[in-house]
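**Q** Let the hints inform the model, and build the full structure from the sequences given.
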Amino acid sequence: MPTVQRGPSLPLLLAVAALIVAALALLPRFVGLYQTELLIYGMTFAIAALGFNLLLGYTGLLSFGHSAYFGAGAYTVAFIVRDLHVHSMELCILGGLLSALVISALFGYVCVRHTRIFFGILTLALSQVLWSLAFKFFWVTGGTDGIRVPRSGITLLGGLIDFRGPGAYQKFVYSYYYYVLVLFVLAVAVMWVIVHSPFGKALQAIRDNEVRAGFVGIRVRRYRWVAFIISGLFTGLAGALWVPLNGLTTPEILYWPFSGEIVFMTVLGGFRTFTGPIVGALAFNYLKVYAVASSQYWQLVLGGVLVFLVMVLPSGIIGIFSQPPPWLSRAAASPGAFVRASLLFVLSLGFFAAIARVGVHGNFAAIVETLAIIAAILSWSLLLALVYHRGNVIGHRWLVMLALLLPAFGFLICIILGVTLRSRELAERGT
Amino acid sequence: MALLQTIDLKRYFGETRAVDNVNLSIEEREFVSLVGPNGAGKTSFINVVTAHLRAESGKILFRGKDITQASVTQRVKAGIARSFQLVNLFDDLTAFDNVALAIFSREGKTARLGALAHLDNAVTSEADSVLGQFGLAAKRDDRARDLAQGERKLLDVALAYALKPKLLFLDEPTSGVSTRDKGQIMDTVASVVRAESITAVIVEHDMDVVFKYSDRIVVMAQGAILAQGTPDEIRKNDQVAMVLLGSSGPDAFTRKG
Numbered sequence: 178m179p180t181v182q183r184g185p186s187l188p189l190l191l192a193v194a195a196l197i198v199a200a201l202a203l204l205p206r207f208v209g210l211y212q213t214e215l216l217i218y219g220m221t222f223a224i225a226a227l228g229f230n231l232l233l234g235y236t237g238l239l240s241f242g243h244s245a246y247f248g249a250g251a252y253t254v255a256f257i258v259r260d261l262h263v264h265s266m267e268l269c270i271l272g273g274l275l276s277a278l279v280i281s282a283l284f285g286y287v288c289v290r291h292t293r294i295f296f297g298i299l300t301l302a303l304s305q306v307l308w309s310l311a312f313k314f315f316w317v318t319g320g321t322d323g324i325r326v327p328r329s330g331i332t333l334l335g336g337l338i339d340f341r342g343p344g345a346y347q348k349f350v351y352s353y354y355y356y357v358l359v360l361f362v363l364a365v366a367v368m369w370v371i372v373h374s375p376f377g378k379a380l381q382a383i384r385d386n387e388v389r390a391g392f393v394g395i396r397v398r399r400y401r402w403v404a405f406i407i408s409g410l411f412t413g414l415a416g417a418l419w420v421p422l423n424g425l426t427t428p429e430i431l432y433w434p435f436s437g438e439i440v441f442m443t444v445l446g447g448f449r450t451f452t453g454p455i456v457g458a459l460a461f462n463y464l465k466v467y468a469v470a471s472s473q474y475w476q477l478v479l480g481g482v483l484v485f486l487v488m489v490l491p492s493g494i495i496g497i498f499s500q501p502p503p504w505l506s507r508a509a510a511s512p513g514a515f516v517r518a519s520l521l522f523v524l525s526l527g528f529f530a531a532i533a534r535v536g537v538h539g540n541f542a543a544i545v546e547t548l549a550i551i552a553a554i555l556s557w558s559l560l561l562a563l564v565y566h567r568g569n570v571i572g573h574r575w576l577v578m579l580a581l582l583l584p585a586f587g588f589l590i591c592i593i594l595g596v597t598l599r600s601r602e603l604a605e606r607g608t
Numbered sequence: 112m113a114l115l116q117t118i119d120l121k122r123y124f125g126e127t128r129a130v131d132n133v134n135l136s137i138e139e140r141e142f143v144s145l146v147g148p149n150g151a152g153k154t155s156f157i158n159v160v161t162a163h164l165r166a167e168s169g170k171i172l173f174r175g176k177d178i179t180q181a182s183v184t185q186r187v188k189a190g191i192a193r194s195f196q197l198v199n200l201f202d203d204l205t206a207f208d209n210v211a212l213a214i215f216s217r218e219g220k221t222a223r224l225g226a227l228a229h230l231d232n233a234v235t236s237e238a239d240s241v242l243g244q245f246g247l248a249a250k251r252d253d254r255a256r257d258l259a260q261g262e263r264k265l266l267d268v269a270l271a272y273a274l275k276p277k278l279l280f281l282d283e284p285t286s287g288v289s290t291r292d293k294g295q296i297m298d299t300v301a302s303v304v305r306a307e308s309i310t311a312v313i314v315e316h317d318m319d320v321v322f323k324y325s326d327r328i329v330v331m332a333q334g335a336i337l338a339q340g341t342p343d344e345i346r347k348n349d350q351v352a353m354v355l356l357g358s359s360g361p362d363a364f365t366r367k368g
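Chains A and B supply the protein sequences, listed in that same order.
In terms of the numbering used here, the first sequence is residues 178 to 608.
In terms of the numbering used here, the second sequence is residues 112 to 368.
In short, the hints are calculated from the structure, not lab data.
Ideal placement from N, C-alpha and C gives every residue a C-beta, glycine not left out.
Each hint should be verified, as a subset may be incorrect.
Computed from the model, here is a short list of chain A residues facing chain B with C-beta under 8 Å [stated by the list, open to error]:
# : residue
1 : G219
2 : V370
3 : S374
4 : P375
5 : D385
6 : G391
7 : S506
**A** Right, dumping it as structure tokens:
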């Protein structure tokens, strides 16, 4: 029998990845400083979510304490800069990884003895221990004030690039963008190899059936532990990268709601897919910034999104395509769904435009505007998903999808522009 | 020397004597059937030997070595594999990945996290040939949960077989499948096991199947061994017929109804 290799087609994947990386590399030329900064945040969170999902999506363990490893990375960098007067970001990252390694190995050793809710509660409890340490030992950690990590205290590439003197902020954002982009690409590549390695398959086997995994000779606990440590390392790297960007680390990133945000990002993107957490982290970042900028009730918006997600799209944004929920498969079979989705899309866009045009201000208008945007994004995604899943019937699937994608890119840019304008407006109002 | 030998093996569940001082030895390349009424302790016996359950007392010798305290994975590495009465698969993995995983594990390759699984040609071709042997080649890329019950049963056995064990326990490989598929599954299993000269212990209720394939039959009742012998000896054993069928006589096993 000839050997048949079926699996991810490497050349195609590499080509798509190269395109996306090229687009990301060019992006700062087209968007402003603020957008570039937002994207850096998005990428660091994506690294964290990617690490988190090795446990949730691939090993079947829901951690509610990933703030611990993010915080470990972040605080270590802050300690290194403040107490050791080391400026090299590379050394800081190494330090951050080392402390994430130690803490995740320690916490993981305890946690992997349990699964399901017991695992979740243990991770939560242990992360709260770190939080209380950061909170109470204020003479070391600065308490609620946190530790400042000034940009001027950081150098990249072994001192080659520093951020002192005039124009340091711009210089920092642009060079740090590429710095994080490289590490982000590296992290994604490494994680992709891990989940497609025999080890990754073993983790998935443990997720599906730990009893049987034992009976094919896999040492379940040890594999879970290794997965836990790798997961912690990724999240620790994210924490380390996040500090100079934020300029400050506070106990908030060790507190459990931040763990919840990492869970949220991953579920938003779809935890049963590789790209889900990446897309989810980027989307969540924009969602949160937009919600915060447009309403003081932003938690309400996020809560609404979460409820919607769990009830309608349990497989997340990416899951729409890879694992369509039953209602979507049914809708894709009826032509009426297209008309309804298109109608909803046009209506919500119209709503958004009308409010923007009239220039209504105030909380109510802001909420309506946010809802209109969310409705527009959702209906457009729905259209896209419908076309995707009905592709075999209507043919020319990719052409239709491309046609749908083009205006969507325009729309996305509008949103980004909208966020920029609004935040500028807010900044002006503030001064 | 027997491949497997149990000495006074015991496991109770409270008052219930699931495995009650069982002394059984299994020779190499034997095809042994384990029969008995429901609750006789057949599955419990397998569970204890494969470390799914701890033995309360007694000893398990495998190739002369005491493995009573060995863990599940240690026994798998030593060469004991099993399938399950209720299908026990990696449901979200494809049929291919299910089998490939067993091979990766056998070769000690599951610790590799820097290599791509699907580029391992040796494992890929072996997994494909195992799927072929079990007639599952066409289902290669289907997720295990999407397979039909008979196919799932076969895949469950294939998973254990792919570990290339010396001793293979098959816990009711044909339960829940139609009579027609039953023969096909048993033919597949028996031919594969004989071709690789694997020692097999099989739990089965269908006495036609048992008589047809076994070298030796072990009858269990209430946790203990009631009788053992060749199919002919068992066929003539009135005590066994009474326990298994509720009636005895020279033609108890062939009489229908």
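**Q** Now, for every hint given, state plainly whether the structure supports it.
**A** Okay, the hints, checked on the actual structure:
1. At its closest, the beta carbon of A:G219 sits 27 Å from a beta carbon of chain B; the interface hint therefore is violated under the 8 Å criterion.
2. A distance limit of 8 Å between C-beta atoms decides the matter here; for A:V370 the minimum to chain B is near 6 Å, and the interface restraint holds.
3. A cut of 8 Å between beta carbons decides the hint on A:S374: the least distance to chain B is about 5 Å, and the hint holds.
4. For A:P375, the interface hint holds, the least distance from its beta-carbon to any beta-carbon of chain B being 4 Å, beneath 8 Å.
5. Because the closest C-beta pair between A:D385 and chain B is about 4 Å apart, less than 8 Å, the hint holds.
6. Evaluation of the A:G391 hint against chain B yields a held restraint, the C-beta minimum of about 4 Å falling below 8 Å.
7. Restraint check, A:S506 versus chain B: the minimum CB separation of about 15 Å is more than 8 Å; hint violated.
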